[in-house]
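S.K.: Mind the numbering: the sequence shown is residues 971 to 1110 in my numbering, read in order.
Don't read these hints as lab results, they were simulated from the structure.
Among the hints, a few may not be true.
Calculated pairs, DSS-like style, for lysine-lysine (alpha carbon to alpha carbon, straight line, at most 30 angstroms) [to be verified]:
1) K1025 / K977
2) K1010 / K976
3) K981 / K1025
4) K1079 / K1099
5) K1010 / K973
6) K1010 / K977
7) K1010 / K1030
8) K1079 / K977
9) K1030 / K1079
10) K1025 / K1079
11) K973 / K1025
12) K1030 / K973
13) K973 / K1079
14) K1079 / K976
15) K1025 / K976
16) K981 / K1010
17) K1030 / K1099
18) K977 / K1030
19) K1010 / K1025
20) K1079 / K1104
21) K1099 / K1025
22) K1030 / K981
23) K981 / K1079
24) K1030 / K976
25) K1010 / K1104
26) K1010 / K1099
The structure presented is a predicted model; accordingly, all values stated were derived computationally and were not measured.
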Amino acid sequence: MEKIVKKLESKGIRPTAMRLMTYRRLAQLNVAVSLGDLGKDFESSERSTLFRTMKTFEEKGIVHQIEDGTGIIKYALCEDNCECEEGNDLHLHFHCNSCGETVCLTEHKIPQINLPDGYVAEDINLVAKGVCEKCSNDLD
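Use the sequences and the hints to build the structure in full.
M.R.: Spelled out as C-alpha cells, the structure:
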C-alpha cells in the first residue's frame, strides 16, 4: 500500500482511502474497465466519489481512457513512465470479441502521425479487435 501512496503523492494526488482502493483494484484487474464495472467493486461507496476519483486519476496521468468501439469508455492504468501525451506514449489496445475484455498492448507503440497543416489532434486511439490469447486457447 505504501508504494501506491508514493505513486499518488508523486502525481500530486492526496491518497484517500477511496483512491488507494481504486488504484489497487485497477492494478489487480490488469485490463481496461468501465466506470460501471469498477463501481460493482465499490457498491457501498458513492458513485460520484468513484467518478471524481477516476477523473482525478485521468487528469494527473494515473489512468487513460480507451474507446474500444463498445460505446462504453474504459479506463486502464498508465505505465510508470507514461506522460499520456500524443505522439509520446500512445500504444495499441486490443478488444476481445469473445470475452469482451480490452487490454493495453503497451509494447506496441503507435508511430507519430503527421497531420496536414491546420489539423490538430486532440485524441488518438487505436484498437485492434479479435480474439484474445486466453479465448483462442479455449478454442483449441
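S.K.: List in ascending order the numbers of the hints, as given earlier, that are violated by the structure.
M.R.: Those not satisfied: there are none.
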